[in-house]
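**Q** Order-wise, the sequence lines are chains U and H. For the first sequence, position 23 (counting from the first letter as 1) is numbered 23 according to our numbering, and the numbering increases by one without interruption. For the second sequence, position 59 (counting from the first letter as 1) is numbered 59 according to our numbering, and the numbering increases by one without interruption.
The set of hints was computed from the structure by calculation and includes no laboratory data. Ideal Cβ positions, reconstructed from N, Cα and C, are used throughout, including at glycine. Check before you lean on any hint, since a few could be wrong.
Covered, in the sense of this in silico footprint (three residues per stretch, anywhere, with C-beta under 8 Å from a C-beta of chain H), are these stretches of chain U [as the list claims (entries may be wrong)]: (1) 36-46; (2) 153-159; (3) 165-179; (4) 182-195; (5) 199-213.
This is what each chain is made of:
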Amino acid sequence: MNLTLKIWRQKGANDKGKIVDYPITEVSPDMSFLEMLDVLNQELIEKGEEPVAFDHDCREGICGSCSMFVNGQAHGPDSMVTVCQLHMRSFKDGDTIFIEPWRATAFPVIKDLIVDRSAFDRIQQAGGFISVNTSGNTQDANAIPIDKHDADTAFDAATCIGCGACVASCKNSSAMLFVSAKVSQFALLPQGKVEATDRVLNMVKQMDDEGFGNCTNTGACEVECPKGISLENIARMNREYLSASLKG
Amino acid sequence: MSGILNSSIGRKFAMALSALFLMVFLLQHFSINILSVFSPDIFNDVSHFMGTFWVIQYLLQPVLILGVVFHFVMGFVLEIKNNKARQISYAKNNGGANSSWMSRNMIWSGLAILGFMGLHFYDFWFPEISIKFIDGDMSGLIDPNNAESGYRYLEHLQHKFVDGWRVVLYVISFVFLALHLLHGFNSAFQSVGANNKYTKGLIGFGKVYAIGIPLGFIFIALFHFFNH
Ligand code: HEM
Ligand code: SF4
Ligand code: FES
Chain U
1 MNLTLKIWRQ
11 KGANDKGKIV
21 DYPITEVSPD
31 MSFLEMLDVL
41 NQELIEKGEE
51 PVAFDHDCRE
61 GICGSCSMFV
71 NGQAHGPDSM
81 VTVCQLHMRS
91 FKDGDTIFIE
101 PWRATAFPVI
111 KDLIVDRSAF
121 DRIQQAGGFI
131 SVNTSGNTQD
141 ANAIPIDKHD
151 ADTAFDAATC
161 IGCGACVASC
171 KNSSAMLFVS
181 AKVSQFALLP
191 QGKVEATDRV
201 LNMVKQMDDE
211 GFGNCTNTGA
221 CEVECPKGIS
231 LENIARMNRE
241 YLSASLKG
Chain H
1 MSGILNSSIG
11 RKFAMALSAL
21 FLMVFLLQHF
31 SINILSVFSP
41 DIFNDVSHFM
51 GTFWVIQYLL
61 QPVLILGVVF
71 HFVMGFVLEI
81 KNNKARQISY
91 AKNNGGANSS
101 WMSRNMIWSG
111 LAILGFMGLH
121 FYDFWFPEIS
131 IKFIDGDMSG
141 LIDPNNAESG
151 YRYLEHLQHK
161 FVDGWRVVLY
171 VISFVFLALH
181 LLHGFNSAFQ
191 SVGANNKYTK
201 GLIGFGKVYA
211 IGIPLGFIFI
221 ALFHFFNH
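Build out the structure end to end from the sequences listed, making use of the hints.
**A** The following block contains the structure:
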């Protein structure tokens, strides 16, 4: 396959940045998208040019670091995949492919396609945890019976990998799907109920302070989420938040 | 509870409450207007009641005005905040792949409704207020000095829909209202945290409401245009 890549290049946080065209030839349809970028980078290095900086780690869809907006969609045209799980067979010979970083004021670009997602870490630190006594008399979590449905729903929420595709896809750069997954995974379990009020208030406050937008319920996040996190989590967070603000 | 409007979720909750209220109002408004097609007398009687009963005039009407103003002002506030959350846009963004046109353009359908409301107030609300509170004529009669002349409401309405251009503007506005509601109806329930086993049914009902009510208003406008 021969392709034209239109890649966002930006030297650093303060550089203006621009889209640069890169023709690439002999791409195998069996390559993953990241392998294709590796080939491009090898060519750039051989030519003495600066390679394209992009985040990646596990290359198997579990770390959430391979953030890229490919042809107008987070993680490209396929559903329920990250960019490392996207294959070149999803494109046609002769295609032009736009590759851009996540766009959100709360996710500033560090270099090329790499953005700073530490806003997510700060939201987690604001309440995405439970407090347990670890002095040696910790109770076995299985000692508390949990409704199967609640356990499954909490687990589904916990599969969020913090990739930020929800923010990138949302027209408002809203982080509601991510935060609601992190709130839900605890809110549904007895261990999480203890700190539920503070958790949701603090996490939402941090989310707002980071400069993410408001949710318009367009549902774009749910469609683009590689882990299929459901909008039901956002409704649950709304309920949690409203009852928490009545209490606290 | 303090400062709930300072949080993103609180703002959306308030937005949804005002929207739910407006949707109940819209249904009520439609129910009365459709009477003008089926029974001019009942339409006149109900209009007179709505226009003169103090609970409606001095309690519900101010609440309605507050609700509308809150809704569109908050709509602008959210739009400005949301634009700030993404200052650099994508060179290529395939929004249609993951969301409906209606959901991405609530501000534009909303602005069209706002424009329509300007015309609608000029057509009906300002003349009403002027007759009732400036001329001081609370009789609701075509000729206030002649009890036999009958109520003026239907006549006023029919008079407005003689003008073809006005009918065209009304029809276009109702199309935008339908687009606004096609996303808005279910969005409002999601905003207040209602996403449960009834949601599927509610989505269906929302579609019927969002298309049915504006279509009904269009029918009324066209009916009076062709039957005057
Ligand atoms: C007066 C002009 C209007 C403007 C400028 C306007 C604007 C907006 C905007 C911008 C939103 C989206 C807010 C968001 O980001 O979530 C919205 C939501 C909504 N609007 Fe309006 N609107 C107007 C009139 C109306 C009317 C007359 C109705 C109903 C009869 C209505 C029903 C709704 C509903 C149901 C929602 C969804 C609420 C939610 O998502 O929680 N709007 N409006
Ligand atoms: S909710 Fe989905 S899209 Fe958002 S961060 Fe989690 S895994 Fe990524
Ligand atoms: S590199 Fe880990 S999810 Fe893609």
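**Q** Examine the segment 36-46 of chain U for residues whose CB is less than 8 Å from any CB of chain H, and state whether their number is three or more.
**A** Coverage by chain H is violated for the segment 36-46 of chain U (0 residues, Cβ < 8 Å).
**Q** With a cut-off of 8 Å between beta carbons, are at least three residues of the segment 153-159 of chain U near chain H?
**A** violated (count 0)
**Q** Using C-beta distances, would you say chain H covers the segment 182-195 of chain U, given that this needs three or more residues below 8 Å?
**A** violated (count 0)
**Q** Count residues of the segment 199-213 of chain U with a Cβ under 8 Å from any Cβ of chain H, then say if the count reaches three.
**A** Three-residue rule met by the segment 199-213 of chain U, so holds; n is 7.
**Q** Three residues minimum, CB to CB under 8 Å: does the segment 165-179 of chain U make the cut for coverage by chain H? Let me know.
**A** The restraint on the segment 165-179 of chain U holds, since 6 of its residues have a Cβ under 8 Å from chain H and three suffice.
Violated hints, in rising order: 1, 2, 4; the structure is consistent with all others.
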